[in-house]
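Taken in order, these protein sequences are the chains called G and X.
Residues in the first sequence are numbered from 1 upward in steps of one, following UniProt numbering.
Residues in the second sequence are numbered from 1 upward in steps of one, following UniProt numbering.
The hints are simulated quantities; they were obtained by calculation from the structure and are not laboratory data.
Take these hints with a grain of salt, some might be off.
[As the list claims (entries may be wrong)] No farther apart than 20 angstroms at their CA atoms in a straight line, the calculated lysine to aspartate or glutamate pairs in the EDC-like style are these:
#1 K23(G) to E171(G)
#2 K64(G) to D224(X)
#3 K67(X) to D141(G)
#4 K43(G) to E235(X)
#5 K43(G) to D244(X)
As the structure is a computational prediction, the values presented were derived from the model and not from experiment.
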Amino acid sequence: MRLGLVIDLDTCVGCHACAVACKEWNTSGTTAPLTDYNPYGAKPSGVWFNRIRHYEIGEYPYNKTVNFPMSCMHCENAECVTVCPTGASHKRPEDGIVLVDQSKCMGCNYCSWACPYGARELDRVSGTMKKCTLCIDRIYDMEIPEEERQPACVLTCPAHARMFGDFDDPESPVSRAVRERGGYQLMPELNYDPSNHYLPPRVHAPIPTEGLKKKAGAKVKEWVNRVVER
Amino acid sequence: MHAALAVIFLTLFSGGGFGLIALVAIVNDLHIDGGLSPVQTLAAVILSLIFVTIGMLSSTAHLANPKNAWRAFTRWRTSWLAREGIFAVAYYPFAFAYLVWTFVTGAPEATVGLILASLAGVIGLITIFCQGMIYAVLRTIRQWNTALVPANFYAMGFAIGATLLAAVRIVTGESAGVFVGIAIALIAAVAVMKAIYYFWIARPSGPTIRTATGFNRSTVRILDQGHTFGTFLTEEFGHTLARDKARGIKLMMYFFAVIVPIIALAFAVADQSAVAAVIAAVSIVFGLGVERWLFFVEAQHVVNLYHGRQRC
Chain G
1 MRLGLVIDLD TCVGCHACAV ACKEWNTSGT TAPLTDYNPY GAKPSGVWFN RIRHYEIGEY
61 PYNKTVNFPM SCMHCENAEC VTVCPTGASH KRPEDGIVLV DQSKCMGCNY CSWACPYGAR
121 ELDRVSGTMK KCTLCIDRIY DMEIPEEERQ PACVLTCPAH ARMFGDFDDP ESPVSRAVRE
181 RGGYQLMPEL NYDPSNHYLP PRVHAPIPTE GLKKKAGAKV KEWVNRVVER
Chain X
1 MHAALAVIFL TLFSGGGFGL IALVAIVNDL HIDGGLSPVQ TLAAVILSLI FVTIGMLSST
61 AHLANPKNAW RAFTRWRTSW LAREGIFAVA YYPFAFAYLV WTFVTGAPEA TVGLILASLA
121 GVIGLITIFC QGMIYAVLRT IRQWNTALVP ANFYAMGFAI GATLLAAVRI VTGESAGVFV
181 GIAIALIAAV AVMKAIYYFW IARPSGPTIR TATGFNRSTV RILDQGHTFG TFLTEEFGHT
241 LARDKARGIK LMMYFFAVIV PIIALAFAVA DQSAVAAVIA AVSIVFGLGV ERWLFFVEAQ
301 HVVNLYHGRQ RC
């Protein structure tokens, strides 16, 4: 199995609900807590497994806002694991999930240097490195209904912009989505072979905004608006 | 990159200490310029031990959870950091044994002593290689992902070691022409190697914000980083240095690491001046400390692309 996420950049609305749901679930999960520093002060900061950035793609008038959630990509060539001197960072052979054993981590930061995607954050309070677990304590929990055995970010996404599944199965929804929508990996030139894939925005015909021929009804409405005083 | 003093001290001091023990072994093995007297050998080995220990202790100060530091010796199959730790620790028994041997027998050039010194020196050199590889394997930082990094670590470790050795020779009042010659040659090698490195990293290459986001055929600009204040990522990787400021600091580095030590060593050997020799040693350690600070601050991690940097 090769578990991972598919992020649909076409439908993501950038609401940060995935990050909030992630924080809520994982702050009492296996690598808990996700410490906050100075949360009500002037400079709030803290540990998050999922961060959403916002980009402008292209030049006006052919530009577009793209919301960009990023969490651990659970890479096949996970160099965060190979550089780890303590063995705290490991990649599970059975499902490809990359985890940090909190009882072994010595907080040297080296794995975060090796990660190109910024997926790892040091918790200053526990002194250990923390990262996305793909909600390993949800997806294998036999006590909850089967449809809820998914990462918290996927369950909460109001735009259905996140999918969870097995990339080794060519007929899984994530594999099909990547195949049909041209899903891609980030920074492929570094050859980390990330499991998470991103679906590009669909190409729509641009909606014209200038030089439009007005309909007859609209002309009447404009004339009425002009002559009738409020 | 954030230039943590603990990590700067690690490679700066332990590199110098390993370079020094390797040179002690070479000088005594080959009986260069009459070899080192027992007092000089003791002084050099103690200096080497002090330098390596400063480096090792400061490296543990960098750990956020040092109680697990012992585990860092376990993953030597894949991790250069683990290998570095193992070899750095393996250096101690041989260096100590050579110290005790020289102290007890007063014969640093006896066969047993030379074997101990050579083993300590070889382990020291292997450790420098591991230290360089810690940085050179990171494909996420193009300024580090080059074979020049371990090569430079050797040049700098040897230059510090040779300057210390020349200083020990001069302070103990013996002729040091050959030792000063070795030191100046190695300092010149550092100057050239660092120049090659600075030319090498000056040209941008590697990932851009386009390949980072996958929008390869259009311009990509950051609208919002998604956080109100700094994160671990911006604190650890966000540091950068303006080009003109970097140039000034590089000139300062060359001044303290190359020019002052060479002039001071020349004075020291001409006048047999202990003060000038110590000035040379202090200056090269400070200058290469500046170099190590630059090495971190100039390193631009690709995660900065996601925070809006166009290229790294």
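Status of each hint after checking the structure:
Restraint check for K23(G) and E171(G): the C-alpha separation of about 31 angstroms exceeds 20 angstroms, so the hint is violated. Our distance criterion of 20 angstroms between C-alpha atoms is met by K64(G) and D224(X), whose separation comes to about 14 angstroms. Proximity of K67(X) to D141(G) is assessed by CA-CA distance (about 32 angstroms); at most 20 angstroms being required, the pair is judged violated. Between K43(G) and E235(X) the alpha-carbon distance is near 13 angstroms, which keeps this suggested pair within the 20 angstroms criterion.
At most 20 angstroms may separate the alpha-carbon atoms for a hinted pair to count; K43(G) and D244(X) exceed this at roughly 31 angstroms.
Of the numbered hints given earlier, the model fails hints 1, 3, 5; all others are met.
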